[in-house]
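Novice: Required output: the full structure, derived from the provided sequences and hints.
Going down the list, the sequences are from chains G and V. Per the numbering used here, the first sequence runs over residues 1 to 330. Per the numbering used here, the second sequence runs over residues 331 to 572.
These are computed hints drawn from the structure, not numbers from a lab. Values in this document were obtained by computation on a predicted structure and should not be read as measured data. Treat the hints with care, as some may be off.
What the hints assert, rightly or not - Under the rule of at most 27 Å between Cα atoms (straight-line distance), these lysine-lysine pairs were calculated in the DSSO-like manner:
(1) V:K539 <-> V:K556
(2) G:K114 <-> V:K418
(3) V:K529 <-> V:K544
(4) V:K548 <-> V:K469
(5) V:K418 <-> G:K231
(6) V:K375 <-> V:K556
(7) V:K544 <-> V:K556
(8) V:K469 <-> V:K544
(9) V:K451 <-> G:K243
(10) V:K336 <-> V:K451
(11) V:K556 <-> V:K536
(12) V:K451 <-> V:K556
(13) G:K323 <-> V:K418
(14) V:K336 <-> V:K375
(15) V:K375 <-> V:K418
(16) G:K243 <-> V:K418
(17) V:K529 <-> V:K539
(18) G:K116 <-> V:K418
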Amino acid sequence: MKTLEKLWPLAAGCLVFGLDFLFPYGYALWLGYMLILIALPIRTPPGLYAAAFVTFVITGGFKDSDSLVQMESVIFNRISVCAAIGVIAAILHSRRRLYFEVLAARGEAEEASKAKGRFMSYISHDLRTPLNGILARVDMLLQNRSITDSARRDLQYVDSQGWLLNEFIHELLDYSDYATAREPLELDQVDVGSEIVSIQRLFEPLLHTGVSLEVHADGNLFIRTDRRKLKHVLINLVGNAAKFTQAGSISIRAEKRAGIFSIEVEDTGSGGDAALLSEMFREGMSTDPARGLGLGLPLSAHFAGLLGGILTASSEGEGLGMKVRLELPA
Amino acid sequence: MALFHKILLVEDDQGFAESIARVFAEYNLQLDTAADGRVALMWLKQRVYDCVITDLRMPILGGFDFIEEAGARLSALPVLIMTASGQKNDVMRARTLGVSSYLMKPVRPTDLLQRLAETLKSPPGLVRLADFPLAVTYKSLGSSGVAITVSGCPGEDFENMFRDTAADIHSHLADVPRIELTVNKEFGYHPLSLSLIEKVVAAASKRLKVSSAKIELKGDYWQDAKNMPAARSGSLAQAVWP
Numbered sequence: 001m002k003t004l005e006k007l008w009p010l011a012a013g014c015l016v017f018g019l020d021f022l023f024p025y026g027y028a029l030w031l032g033y034m035l036i037l038i039a040l041p042i043r044t045p046p047g048l049y050a051a052a053f054v055t056f057v058i059t060g061g062f063k064d065s066d067s068l069v070q071m072e073s074v075i076f077n078r079i080s081v082c083a084a085i086g087v088i089a090a091i092l093h094s095r096r097r098l099y100f101e102v103l104a105a106r107g108e109a110e111e112a113s114k115a116k117g118r119f120m121s122y123i124s125h126d127l128r129t130p131l132n133g134i135l136a137r138v139d140m141l142l143q144n145r146s147i148t149d150s151a152r153r154d155l156q157y158v159d160s161q162g163w164l165l166n167e168f169i170h171e172l173l174d175y176s177d178y179a180t181a182r183e184p185l186e187l188d189q190v191d192v193g194s195e196i197v198s199i200q201r202l203f204e205p206l207l208h209t210g211v212s213l214e215v216h217a218d219g220n221l222f223i224r225t226d227r228r229k230l231k232h233v234l235i236n237l238v239g240n241a242a243k244f245t246q247a248g249s250i251s252i253r254a255e256k257r258a259g260i261f262s263i264e265v266e267d268t269g270s271g272g273d274a275a276l277l278s279e280m281f282r283e284g285m286s287t288d289p290a291r292g293l294g295l296g297l298p299l300s301a302h303f304a305g306l307l308g309g310i311l312t313a314s315s316e317g318e319g320l321g322m323k324v325r326l327e328l329p330a
Numbered sequence: 331m332a333l334f335h336k337i338l339l340v341e342d343d344q345g346f347a348e349s350i351a352r353v354f355a356e357y358n359l360q361l362d363t364a365a366d367g368r369v370a371l372m373w374l375k376q377r378v379y380d381c382v383i384t385d386l387r388m389p390i391l392g393g394f395d396f397i398e399e400a401g402a403r404l405s406a407l408p409v410l411i412m413t414a415s416g417q418k419n420d421v422m423r424a425r426t427l428g429v430s431s432y433l434m435k436p437v438r439p440t441d442l443l444q445r446l447a448e449t450l451k452s453p454p455g456l457v458r459l460a461d462f463p464l465a466v467t468y469k470s471l472g473s474s475g476v477a478i479t480v481s482g483c484p485g486e487d488f489e490n491m492f493r494d495t496a497a498d499i500h501s502h503l504a505d506v507p508r509i510e511l512t513v514n515k516e517f518g519y520h521p522l523s524l525s526l527i528e529k530v531v532a533a534a535s536k537r538l539k540v541s542s543a544k545i546e547l548k549g550d551y552w553q554d555a556k557n558m559p560a561a562r563s564g565s566l567a568q569a570v571w572p
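Specialist: Have a look at this one:
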């Protein structure tokens, strides 16, 4: 098998040589050359395209070469061209093997990434289960009116630290998403309308009681972008809105206007002052248990940048709701 | 119509299930717990519930499999999922199974109660038993006996309270020909109200030497109690009710 593989470029050369005898004017050479290119499922680097172009120019000279007088040089030329094609074929062949190796490696990497995802989900589940038990009892004690004020303060401290720990666990998953930030963009035609509806369906059972989630996404809302990264941003924005809105409504509004594609997530939740608005896109440790580590929004802003867009937030003030806007080039 | 709601909790974390049980005991809720989906299926076959709360990851039979296997038995009931898994797939699957709420652990028992109050549509809704403090009073009716009035919800001290009242009557009135027992509606918020009242009335009538035929039942409570599944088999019911 190994020897056959080595003989493969030679066979390709012979094929082209034979085809050239069957069809005059050197067209066969082009045909054979194109066949080799098409037959190999490979992303050829620019260098090989350059080599292909040079070969194309040389073989172009064969058009007028059916004169008997020039036969000798013609044959010499043909042999040299076939050798060149053989070399290209050999390069392509070696690349071909590389291509399959890359394919296999990518498969393994995807498998590893899935395994990591499973691992993270188990870890977060298993960390949350005992935490749930602790926080449930703390809540029961806090509901008890007969405890002393100092015991109540201690319990409130345990409670807030417990919820901070829960945020850590939650954002541990976000942090693992940083790996995807380094992945190249996969551009695709994305129907933002249907993506938003699926996000609405995802979040409706997670909302605080009495909070409604409305979607305003009409008309042509197709955009060429990276579906996964866009969805990550939207899930993060709606997730934040769901978390900080205890009453009222959350609305997602998508529209395409004047070359700008905008998606707005507006809520009637806890909002924030100017200090929070300037802080919240900055990556870093937050000490506020209600806010968590603050990894989600910076990562979303980073993704928005990768998509060629921008993420902005506005709020009338604390307790007056929040509006976060993602703008992408349409 | 019963004045309390019957809840099935499917949860493999015993400690957490106990927390929930202790909190629920303060409300008009009757709770059955199952440590996994298989046990929950058995409960579902035997009893009628107003709401089912289930975890997802459990040994033997997990939450989703339980919901699917229960099928029609659950389709008319509100189902709340309470889980430490926040995976997108799980939330979507819950959605397609028609689950009413998806709560992420950690869950505060008070938050769960709030969600439950939203979910339980039928009257009387969620009632805190402590909001109706128990009172047992009596009044002599002279030759026609004694009138005992029970109002509010029974708590841990109910049996003692009733026994003390009976002792008090016994020490003040030499002869009690009949008892007029008035029980107010709120008494029925307690899921075990009927067996509690039967037990204490049996003890009291023995003490006061009143045959159960001489006990006259008054008050709104008995209207609701008649429809309780255990009503017809109780000793009091057999003797007094037509």
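Novice: If a hint holds in the structure, say so; if it doesn't, say that too.
Specialist: Each hint tested on the structure:
{"no.": "1", "hint": "V:K539 <-> V:K556", "verdict": "holds, 26 Å"}
{"no.": "2", "hint": "G:K114 <-> V:K418", "verdict": "holds, 14 Å"}
{"no.": "3", "hint": "V:K529 <-> V:K544", "verdict": "holds, 16 Å"}
{"no.": "4", "hint": "V:K548 <-> V:K469", "verdict": "holds, 14 Å"}
{"no.": "5", "hint": "V:K418 <-> G:K231", "verdict": "holds, 12 Å"}
{"no.": "6", "hint": "V:K375 <-> V:K556", "verdict": "holds, 24 Å"}
{"no.": "7", "hint": "V:K544 <-> V:K556", "verdict": "holds, 19 Å"}
{"no.": "8", "hint": "V:K469 <-> V:K544", "verdict": "holds, 16 Å"}
{"no.": "9", "hint": "V:K451 <-> G:K243", "verdict": "holds, 25 Å"}
{"no.": "10", "hint": "V:K336 <-> V:K451", "verdict": "holds, 13 Å"}
{"no.": "11", "hint": "V:K556 <-> V:K536", "verdict": "holds, 23 Å"}
{"no.": "12", "hint": "V:K451 <-> V:K556", "verdict": "holds, 22 Å"}
{"no.": "13", "hint": "G:K323 <-> V:K418", "verdict": "holds, 24 Å"}
{"no.": "14", "hint": "V:K336 <-> V:K375", "verdict": "holds, 14 Å"}
{"no.": "15", "hint": "V:K375 <-> V:K418", "verdict": "violated, 31 Å"}
{"no.": "16", "hint": "G:K243 <-> V:K418", "verdict": "holds, 16 Å"}
{"no.": "17", "hint": "V:K529 <-> V:K539", "verdict": "holds, 15 Å"}
{"no.": "18", "hint": "G:K116 <-> V:K418", "verdict": "holds, 16 Å"}
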